[in-house]
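Engineer: Residue-level listing of the chains:
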Amino acid sequence: MGRRIRARTALLALAVVAVSCAMVGVAYGASNHGISGTVYSGCSGNGPWFVSSTARTKAGTGAIKAIFTDINDGGLTFKLLDRNNLQIGSQQSWTKSQINIWRTFASSVSNGKVFFNSFRDTIYSCPDSQNVYNFTGTEYY
Amino acid sequence: MSRHSTTTQKENEPLRVSRLVKVIVPLVFVAGLAGYFGERHFADRGGKFTALSLQGTTREYRAEAASLRLAPGWTWPRAPVRRTAADGRAVRYERGWGTQAADYYWYCSWANRALDRNVGASERRDALGHVLDIRDKYFFKTALAPVSKPAFDQVLKSAAADDLRGLRRDYELNCPKTPA
Chain P
1 MGRRIRARTA LLALAVVAVS CAMVGVAYGA SNHGISGTVY SGCSGNGPWF VSSTARTKAG
61 TGAIKAIFTD INDGGLTFKL LDRNNLQIGS QQSWTKSQIN IWRTFASSVS NGKVFFNSFR
121 DTIYSCPDSQ NVYNFTGTEY Y
Chain H
1 MSRHSTTTQK ENEPLRVSRL VKVIVPLVFV AGLAGYFGER HFADRGGKFT ALSLQGTTRE
61 YRAEAASLRL APGWTWPRAP VRRTAADGRA VRYERGWGTQ AADYYWYCSW ANRALDRNVG
121 ASERRDALGH VLDIRDKYFF KTALAPVSKP AFDQVLKSAA ADDLRGLRRD YELNCPKTPA
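In order, the protein sequences belong to chains P and H.
Just so you know, we're using the numbering used here here: the first sequence kicks off at 1 and counts up by one.
Just so you know, we're using the numbering used here here: the second sequence kicks off at 1 and counts up by one.
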């Protein structure tokens, strides 16, 4: 009887730990998030970087990467900045035709690290002959 | 005399209005042109590029900073908005970047004090109160991505319950290493 109770208690404890781990995994694990934006198309600043004001935090230590389904005509150059405006990992570029290709900015970013997306038109010129300045994709963080 | 004055005043009114119209109409026109080209200067052709000028971002930062009191020993950075990237290109920030940056710097100043073991217990509790007030700021309410809110909120909840490990980690990961 005592052994049965101890076994049940052990199983219950195991179940609680498993559920807790699963919940933590759901709440704080990295996942895909939709992103979209518009590159600068004016005639100032030699094709400046645009810095998003959305603060994102890395969920779980690991990679941050992105993939795009629609890319602006001039191609997209994309990077991540930390809270102190320092670049995280390396910048990545996609030409207009390079859709559905994952590129990794950094392979090991700490859980809880705040970052901001920053991007620009890769072949910026002024005036240009581009028509599409928007992009749409997915960011994994 | 009085009647004459009144008459003169009445006669002059249309003239004044006319002068005002002559002054205001061109002003409105010029302002409109400035607004149109100013907006286009930092707008994409679809009107979705929402970057501010550097001055605009700095104004945002300073305006938010003016509403916040830093922890003792901290001062606001002289140049809070970086003008150029490492590759020499100019940088333009989305509307709101300056506001959230000021909020977070303020939060860092109080987090530093709340975590400082050389500070008295009551001062640390007071500092923690400021830290928790970040929930009322633009950074938490608007700039922080919805998907990132639960984790940061958990850091704050744990800190409120005297578990400062998450706050310490957040401070070490994201705050400036020394007061500006």
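Hint data in this document are derived by calculation from the structure and do not stem from the laboratory.
As the structure is a computational prediction, the values presented were derived from the model and not from experiment.
One thing to keep in mind: the hints can contain errors.
The list that follows gives simulated cross-link-like pairs (lysine-lysine, DSS-like), each with its CA atoms no further than 30 Å apart [as the list claims (entries may be wrong)]:
(1) P:K65 <-> P:K96
(2) P:K65 <-> H:K149
(3) H:K177 <-> H:K157
(4) H:K149 <-> H:K177
(5) H:K141 <-> H:K177
(6) P:K65 <-> H:K177
(7) P:K96 <-> H:K141
(8) H:K157 <-> H:K141
Engineer: Determine for every hint whether it applies to the structure shown.
Structural biologist: Hint check:
no.	hint	result
1	P:K65 <-> P:K96	holds (18 Å)
2	P:K65 <-> H:K149	holds (20 Å)
3	H:K177 <-> H:K157	holds (24 Å)
4	H:K149 <-> H:K177	holds (24 Å)
5	H:K141 <-> H:K177	holds (25 Å)
6	P:K65 <-> H:K177	holds (27 Å)
7	P:K96 <-> H:K141	violated (35 Å)
8	H:K157 <-> H:K141	holds (16 Å)
When the structure is compared with the earlier hints, a violation turns up for hint 7 alone.
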